[in-house]
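Participant: Turn these sequences into a full structure, and let the hints guide you.
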Amino acid sequence: MAAITATAGKSLAQRKREEALTGYAFLAPALLIFLVFLFLPIFFAIYISFTDWNGITPLNQPNAYNFIGLENYNKLLFQQGISQRDFYTALKNTVYFVLGVVPTQTILALLLAVVVNQKWLRAKGAFRTAFYFPSITSSVVISLIFMWMFTRGGIVNDSNGLIHNFLGLFGITRNTVGDWASTRVASLTLWDWISGPSVTMFTIMVLNTWTTIGTMMVIFLAALQNIPAHVYEAASVDGATGFQALRRITIPLLRPTTFFVVTLGQNDPDDCLHRLRQRVQEFGDGAGGGDGDCVVRHHLRVLAHPAPHHQRTGRYLGRSL
Amino acid sequence: MTTVTATGEQTTGQRFTLKRILPVMGITFLIIFALLETVPFVLTVANSFKCLAAVQQVPQSFIPVPPFGVNCRTESGAALPADATTGALTFNPALEGYEEVARFNLPRWFGNTVIYALGVTLLRVLFDSLAGYSLARLKYPGNRAMFFIILGTMMIPGVVLLIPRFIILKQIGLLNTYQGVIFALAADAFGIFLMKQFFESIPNEIEEAAQVDGASRLRIFFQVVLPMATPALTALTVFSFQGTWNNFMDVLIIVGGNPQLQNLPLGLALLRGQFGETLRWHTFLAGSVITTLPLAVVFFIFQRYFVEGISYSGLKG
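So the protein lines, in turn, are chains F and H.
For the first sequence, the numbering used here gives the first residue as 34, with consecutive numbering after it.
For the second sequence, the numbering used here gives the first residue as 744, with consecutive numbering after it.
Just so you know, these hints were derived from the structure itself, not from any lab.
Just so we're clear, the structure is a prediction, and the values are computed from it rather than from any experiment.
Heads up, some of the hints might be wrong.
Stated by the list, open to error - Which residues of chain H face chain F? A few of them, derived with a C-beta cut under 10 Å, are:
#1 Leu765
#2 Phe772
#3 Phe784
#4 Pro824
#5 Leu881
#6 Lys882
#7 Leu912
#8 Gln914
#9 Ile915
#10 Phe926
#11 Ala932
#12 Gly934
#13 Arg960
#14 Leu1028
What the hints assert, rightly or not - Calculated pairs, BS3-like style, for lysine-lysine (alpha carbon to alpha carbon, straight line, at most 27 Å):
#15 Lys762/H - Lys157/F
#16 Lys882/H - Lys49/F
#17 Lys762/H - Lys152/F
For every residue, glycine included, the Cβ atom is placed at its ideal position computed from N, Cα and C.
Facilitator: Pasting the structure below:
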């Protein structure tokens, strides 16, 4: 009784103020974490990208850095040179990666979800588990497993690459192609060079699809189960075939989910960064040395130095923007 | 009359075959992909118990047969050839890989992984649910804006933050400490989003009743709201634990300088450098099994929550 009087005794404005204060207080711990470990680094990175700081001189020393305006961005985007080449190579590879992986994994995940969702299917749980298991595995573990399988002399790959194998279909192999193939350039045969980065890239794409497809399938499956059965019944009464139902009902109704899955997929190249890094190391100069370098190379360099080089920070931002 | 029946039968016949064929195709497709997803793990476990020479043998043997615990070397110390320990599909399990990996500081890595996973999960559950509740239920100026800012951080690619974060951590003296890892990961936008969505889906009446009874917001939150949010909290716990257990990149950046603070994925990744040029695959695979096993056990026990959690996040996206 006393409590009610107490609550009622407070004015509306007072109560509103209290609620606001509680709101901010509840938000504060998470916001503090974000502020220190997220927003501060971002603003710091943007700030540094306008300077010529070399990343090594302590910032509190005088003349540690000068403002150079948009010079880093200029170097990265417009001036001919190594920075520009690396940046656009990375950009090109990111585009290839996204174009290759996102549609593949989205379509495959959707198809798998549609099959798992069928009423006649037994052991749904077992399938769901099988598909989801890679998603809970450490990416280090996955990269090790894939490296082991795809390495030179590994159980999946022989020393031939994707292009080699394709040429092999037409009877073109190392032995039939002629002596030029054995010419060594930078301690690798020309034959090895042409197998090149596309193999790495392709493997990374497969790896990425393999890892994420389970998560996406489960997301699709949940969305599918949310589509009411009577929609399909109505369609069936109207004489729609299963395929028509998929095209005209399932896919349109899943649009929000598809959007989510596609967005999730696009962010992924960054998640698997170190997988890529290890893969490049694994393939050594053979795959990592050409101009077809994937996203990796440039991250690799950045990672090699624990502090940002001004160009690198610029490059980073160039990409993230 | 006859014609009609014939046509009718024909169409049903066609439909019938199509109805028979589609499930078969579907199941085949499903089984092929299920195998693609699981076979690498089966082979990983099998090969972690093989002698090095047999690890890259094609075709791969995967059925363990006695004698168990064979020695991978002859008495003179030379490595046994692959054929000596494997048949066509069978192999004699050896422990060489596990023995080699055990020479490293595994208990330490394991302990650190547990510390990070528990610390981060505990803080995330607390901070994310508080923030989620604040965004979902409490009205104050800037509520919507805060939500979109937090949601927006999910779009920032993680790599961009690595180096600036390193520098900030160094400045505040948290580099190469347990706290550094735990605080840097103590709140995440995804978790806040998950909790907010959940709080919005539960009815407000119970909280209002508690408020009329004069309970403070903090008490309402801990005694009334949180107990109702068990499904979302479980999903959040499971995700945070899994994510932090497997975390490699942040741990590398934050405690990479101190070998005593490495976790399992980091130790495993650096294992490769420890043997120089030789790739001790059976050792790496043994390490992979050891890293994955605890989480796999957790996964099989809490499977429902993993799947529910991911579905939940996806539906609301």
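Participant: Next step is simple, just say for each hint if it's right about the structure.
Facilitator: Going through the hints against the structure:
At about 7 Å, the closest approach between the beta carbon of Leu765/H and any beta carbon in chain F falls short of 10 Å, and the interface hint on this residue holds. With a cut of 10 Å, the hint placing Phe772/H at the interface with chain F holds, because the nearest CB-to-CB distance is about 6 Å. Residue-level restraint check for Phe784/H holds (minimum Cβ-Cβ distance to chain F is 7 Å; threshold 10 Å). Against a cut-off of 10 Å between C-beta atoms, the interface hint on Pro824/H is violated, since the closest Cβ of chain F lies about 15 Å away.
Look at Leu881/H: its Cβ gets to within about 4 Å of chain F, closer than 10 Å, so that hint holds up. Taken as an interface hint, Lys882/H checks out: its beta carbon lies about 6 Å from the nearest beta carbon of chain F, inside 10 Å. Proximity of Leu912/H to chain F holds as hinted, the smallest CB-CB distance being about 8 Å (cut-off 10 Å). A least Cβ separation of about 9 Å between Gln914/H and chain F falls short of the 10 Å threshold, and the interface hint therefore holds.
Using the Cβ-Cβ criterion of 10 Å, the hint placing Ile915/H at the interface with chain F is satisfied: the shortest such distance is roughly 8 Å. At about 7 Å, the closest approach between the beta carbon of Phe926/H and any beta carbon in chain F falls short of 10 Å, and the interface hint on this residue holds. Taken as an interface hint, Ala932/H checks out: its beta carbon lies about 8 Å from the nearest beta carbon of chain F, inside 10 Å. A least Cβ separation of about 9 Å between Gly934/H and chain F falls short of the 10 Å threshold, and the interface hint therefore holds.
Nearest Cβ of chain F to the Cβ of Arg960/H: about 4 Å, under the 10 Å cut. The hint holds. Annotation: Leu1028/H was flagged as interfacial toward chain F, and the flag holds, the nearest CB pair being 7 Å apart, inside 10 Å. With a C-alpha separation of about 20 Å, the suggested pair Lys762/H and Lys157/F falls inside the 27 Å cut-off, and the hint holds. For the suggested pair Lys882/H and Lys49/F, the alpha carbons sit about 8 Å apart, so the restraint of at most 27 Å is met.
Distance hint between Lys762/H and Lys152/F is fulfilled; the C-alpha atoms sit about 13 Å from each other, no more than 27 Å.
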